[in-house]
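**Q** Okay, here's what each chain looks like letter by letter:
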Amino acid sequence: MASLFPRWSNSVYWAAIAGGFGALVCTPIALVAWARTPYATGRCEPVSQPIKFDHRHHNRDDGIDCVFCHSGAIRGKTAGVPSSAQCMGCHSQIWTDSPELAVLRKSTFEGTPLRWNRVTRMPDFVFFDHSAHTSHGVGCVSCHGRVDQMGQVFASEPLTMRWCLDCHRAPEKHLRPRSKITEMEYQPDRPQEELGRVLRAEYGVRSLTDCTVCHR
Amino acid sequence: MRADRPDPMQHAPSDPIARRAFLQRMGAAIALYGATGCTRAPAEQIVPYVTQPPDVVPGRPRMYATAFVLDGYATGVLVESHEGRPTKIEGNPEHPASLGATSAFEQASVLSLYDPDRMRAPRLNGTTASFAQVFAAVRRAALARREGEGLAIVLAPSSSPTLARVLRLVRERLPSARVFFHGSRARAAHEGARMVRGRVLERRHDLRRADVVVSLDDDFLARGPACARLAHDFASRRTPNSEGGMNRLYVFEPTFSATGTMADHRVRVRAHDIAAVAARLVREISKGRLAVPDVLADAAKGVVVDALARDLVAHRGRCAILVGASQPPVVHAMAHALDELLGNVGSTVTLAPSPLLEAGEPSHDARALAAHLRSGAVHTLLVLGTNVVYASPADLELEKLVRAVETSFYLGAFADETADACTMTMPEAHFLESWGDARAFDGTVSIVQPLVAPLHGARTSLDVLSALLSPSPQEPAPSSHALVRETMRVGHGGDAGFEAAWRRALRRGVTDDAPIAPVPPGELALDRHALAAALGAVRLPPPGALEIVFPTDERVHDGRFANNAWLLELPTVVTKLTWSNAATLSSATAARLGLSDGDEVDVTYEGRTARTVAHVVPGHADDSVAITLGWGRRGGETNARGRGVNAYALLGSGEAIGAGVTVRRTGAARALAVSQPNHDLHDREHHIARKTTLAALETRRTEREKRPVALPLYQLAPADTRQWGMAIDLSLCTGCSACVVACQAENNVPTVGPDGVAKGRIMHWLRVDAYVGGDRHAPDVTLQPMLCQHCEKAPCEYVCPVDATVHSSDGLNQMVYNRCVGTRFCSNNCPYKVRRFNWFDYHQGEPDVVALVRNPDVTVRQRGVMEKCTFCVQRIREHEIAVHRGDADVPPVRTACQATCPTGAIVFGDLADKGSTVARLHADERAYGALEELGTKPRVAYLARTKNPNPEIA
Amino acid sequence: MSAGALPRPTRAYGPGLDPEPPVLRDIGSDEAITDELLGKVLHPPKWLKWALLVTAGGTGLLLLAVAYTLVTGIGVWGNDIPIAWAFAITNFVWWIGIGHAGTFISAFLLLLEQKWRTSINRFAEAMTLFAVVQAGLFPLLHMGRPWFFYWLVPYPSTMGVWPQFRSALTWDVVAVATYLLVSILFWYLGLVPDLAAMRDRAPERWRRRVYAVFALGWYGSARNWSRWRIGYGLLGGLAAPLVVSVHSIVSSDFAIALVPGWHSTIFPPYFVAGAIFSGFAMVVTLLVPARHVYGLQHVVTERHLDNIGKMLLATGWMVLWSYVVEIWSAWYSGDTFEQYVYLVARPFGPYGFLFWTVLACNCLAPQALWWRRVRRSPLVLWFIAGAIQVGMWTERFFLIVTSQSRGFLPSSWNLYRPSIVDVSLLLGTLAFFCFLFLLFLRFVPFVAISELKALRHELAEEKRHG
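Protein chains in written order, with my numbering: chain A, 1 to 216; chain B, 1 to 954; chain C, 1 to 466.
Just so you know, not all the hints are guaranteed correct.
[Claimed, not checked] Now the in silico label distances, taken between C-beta atoms and shown as ranges:
no., chain 1, residue 1, chain 2, residue 2, range
1, A, 61, B, 47, 25 to 35 Å
2, A, 28, C, 203, 39 to 49 Å
3, C, 238, A, 198, 36 to 46 Å
[What the hints assert, rightly or not] Sample of chain C residues with no beta-carbon within 10 Å of chain A, all distances over it, derived:
no., residue
4, 36
5, 53
6, 113
7, 114
8, 191
9, 192
10, 199
11, 208
12, 386
13, 419
Source of the hints: derived by calculation from the structure; they are not laboratory data.
C-beta: ideal position from N, C-alpha, C; glycine also.
Turn these sequences into a full structure, and let the hints steer you where they fit.
**A** This is the structure in structure tokens:
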């Protein structure tokens, strides 16, 4: 009886079997790895805004403190974006006719709010409170990165649950004096382990890993 | 966040919408499959203020004081507002009618604000018009003839000083105009007072002083203008170790009310026979000093009445007799007599003029209104904020009369029956959108201030009357805000310090003016002859004759809340009926009429017939049929329309209780949506809902002895954090169910509709279980608020395959919605069955406006996840953050249910702090854990329901 | 060798009373068997395509019900609180149970070198496979959010959380997956030599090629055979423990709960016994018609029916014993809640009629099997098996539902009414099962021919050496 397949089909056969097993093992590994990349978490992606606002200029050059505009970061849940009126506080004096700020002026005079695009996104089932963190000596940089070096702001951290937990489990690694939370260039004056331990005791920081701390 | 307006049918598989939505949901689901896993959160926008209000911190709610008005009486409330969006109502501790608590109505009222069925725009002869146009038309019609001839104004009963002032102005301007108040519930009481006191007075009770309390068909603990206050005062004497000793409650009533469940001695009697009971009491106590026809007094049988008479005499001056609003004047009159006989006046009872405008005047009589309309003298009718066409006795035929009027204007919240009958309509503002003022039961004045600008540009009654007063259409009429300020300024006597007083009133929720002073006992007399005459005139239907009673409904009142899903799905006290009313009767009567529960029946009374369902209620009086008012609506409200039966269609303009009714079964049967099908404890009292008596407690400390000793194996390691726990005193739970609605409002709990309830899918995190025990002829009901027990050894936790429910370091049983995959094993393993499952996406496809009622601090649960009581963890965490942030005077954590409970039956706090109230209660002799022998170590301790029966009756 | 060596069918007693009917009747030479049995596959009967069509329709119904459930939500089922588990879990437990007989026959009997196993093991294994496929459907479908099923699998997630290993459900995933995998391998490996035979016998070239692919280049050398035996033996050893483990784990879905009526240590053995019981019933349900239609009386003899009947009787008694122990220990425990469920709710409650159905089907009906004549009469045996199928499904259902409907708190007591979707899911899986089984009959040698031939030689050997 004539053979049903050419000789090389054996090799194809083995290859197929090998490939099948390979895929079985590699696919999950690939998925798990991919979930950790910026492609999945969406960090390191500059977000465009209605106004070409530049933190480098306002924060680094002019030395405006973070909480001057994002006052909610100290008292509130959300850090908040300044009201048009607050922007105009300065820009009624300087850059009064800059075309860049036309949108802002329009908003102020017509009473139509600006619509900024959110950079740091949390799911609806996460209840984050800025004041809870800032009042315990967690610096802006820890979560938002060197905003003073960003033209267009982007999320610098993955914001995955594991990332949150790393800090919630061992807060001392990230604590700094309350007076220094908005400092971009901050360097601890002594080893962080030691400082962290001291501050943790001083601020009464607990390692909050109960689910309901964030999920309610 | 999406909102919690139900659209019950949408989720029933039997229903077309579900199938129509099939494909689009298929798409959604497939998208979901893709979207889950590793993909990112959707893009969002941040919209800052243009100019930020100075004291607003985004994300932090603020509380404002205002007042909720029902039947003219105010209850002070504090309203939680998120960026100008009212979401939750609490009681106002500074208000005499609230003392920090509320009833279910206040709790649910916030949902009505966002009701998508609310009237959106004014209508003029059937077409949409602008407010200006309608105002102009109203002015034209009202002022057409000089002095307001042919003008009739119908208002809801009110105690508003401003309205009083404005009405005076209206009368000055239009002397021939007639004003009516429609739907007053206090008429009988006022008549009774007038009968024996010669003037309209209201009896105010101080139950803190009462050792013996008698309710003659009065559900004073759950219903009525002062229910929260009365319940609070009653509770202060209701526990074995309350100072002054435990009080004793006797209840005589036809239907099983919340108050009835609290009674030490409850006698089920026909509403008619209440008069006989009162008469017998008068005879026994007056010892012949008051003439009481024996035929009447002897009609009241039973040992309880006579024992009660002796008990009352024994507690002269320390007892209180409360009479139901639906009882005829003569019974109220007898209560006045008993007050005198027992020397209660001045101690447990004070008499004062009613805060209601024109209380007891003919203007409160619906018959007078009908007569006036029938006379044809009316060419312009203004109906302001009362559904006069629906909520009136059928024999007055008000619908016909209103339609007959040439120009009729209706200011109302919904396009309801009256709106349909009127030529002009205008949306009425919700009280959270209104400026106004109102008096509490004791006359204390509260300012009603708006939390939000009217969603649909709605107006108040004051706005409309004000429009009539402005000299010319060009001139803008003073706003209700201006009117209220003016009233208060006048009352305050000039501008000196007025601004401060005004601000104080807004902040506190009550003005500085003193309440209406009671009449000094010396000035009071009792007209014995009038009473004797009235008693002589009383005719009772013969024993065994079937009577019918029309109580206001504990959920929809007189129909005004009939579109509020939270209230519609609120189970009744005993049989846990939802989404409908029914013809309730006793098992004996049902048997006599050849009826069984769920039979469709035709009820005929005075030649009028209504079709409804027979519903057998344990403890219902024999030969008495009750149909609550407020159902069977046929207006434009989606939830309300066609649910239950309209009792007004039977009601006559005579007494609220009638004889000579026939009930005939049609042969058909209808299933009622009942949330608790089984009320028998099957000899599990000791495991679940314990009962005891004061005597038993004093003799031997039973509850304590029987508590099993927890094995050291089960002891938790001492915790360094706070340990949250709750204690619920079953002796104090009246079953008023305010807590259930409060929980629903605070935690974004969805409603599931009648089908859902019937299927056993009600979502309430906190429910009030009712167990009927005792002898069949005098059953007693044990009420047990049941919520997640936050077991230290929680059976739900170890069976969850994904750790979606785990324990927190401070002793909470945490439910993590976003981790839940919905295997429902936890629910199976929960001995208390307090876990609720999202069988569908209950929030899908709801109008945007309803989304506004959501509490932004609580996740809106997706389809397919389990949910349950969290001990209001959002409040706990906010509290902790505030404390850690170093805020000044952070108030202690109070759960939503605890905050609203009028009797303080629910106590929440830190068990680790041995000094805390909750810790003390956990150690109380009556404390036990439900099913504690399972070793679940519940964090909720129940205190055995304790009664104080009269040893004479046994 | 010659056919003369074969055992002659003894006619002295007549089929019904033959004390020891042979495992095989006269089946001619190796070639003859092969031709005959393969012929049945190569030239299928006319009705087969119609049967396939009908069952395919039923499968369509299943797909519809599944889609509707996934899209709209579990709410389209009749489940409620307290009865959060009902039809779906019942079907799961029932189907997975049915699988057990297959594994039992192919693995256990293989290791015990039971000759009568050979003619029916292919059936049984196929049945196992298809049953497990049905079973596997339900745990997925039953979840509130099935798209997160992978959270039950331990993998390093970005959430930094793992499955909760104290829950029996986590182990179910592993148990069922393993079971499915091993069943497939076992079945397929056994199939290889016969697929090769198909390859060589198939008329058209394309069919030969297809079979060739699946035959993995088998050419029947001594080396092939020795390797094959080793592998097959190993898999047999691997599969045998699964008969016990899988259903033990499934049973702990209930046993670890404190629900009255579930919280019982007897569940694992009780469930396994029940599983094999229902499994053998299913074997009969499938085997008897197939045997008749394909004229396999000489391959599947009264001997087989007789033995299966005995198995049914034995496992039936184990199940009955479990019932008795359960009820007794409930009574003996003195626990109010347990006692209420076992002594009141189950026999006399709203679901009482199910209890009595179960007793009739699972305990009464099998007693007929004490009689050899009954065991060997295909028709009667088939009906008894049918009764047992019904009985076992009912037992699972009412065991699951009655306990939940009469829990600790009387206030939460409620009933369960299946919805149309529930019913279509059950019927759908039945249809899908039959569909798969018919496909199996259509394309695969449904009797292990090679093993059969080997057995024939074995028997001949025995005969020769007396």
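**Q** Hint by hint, where does the structure go against what was stated? Just the numbers, ascending.
**A** 3, 10, 11
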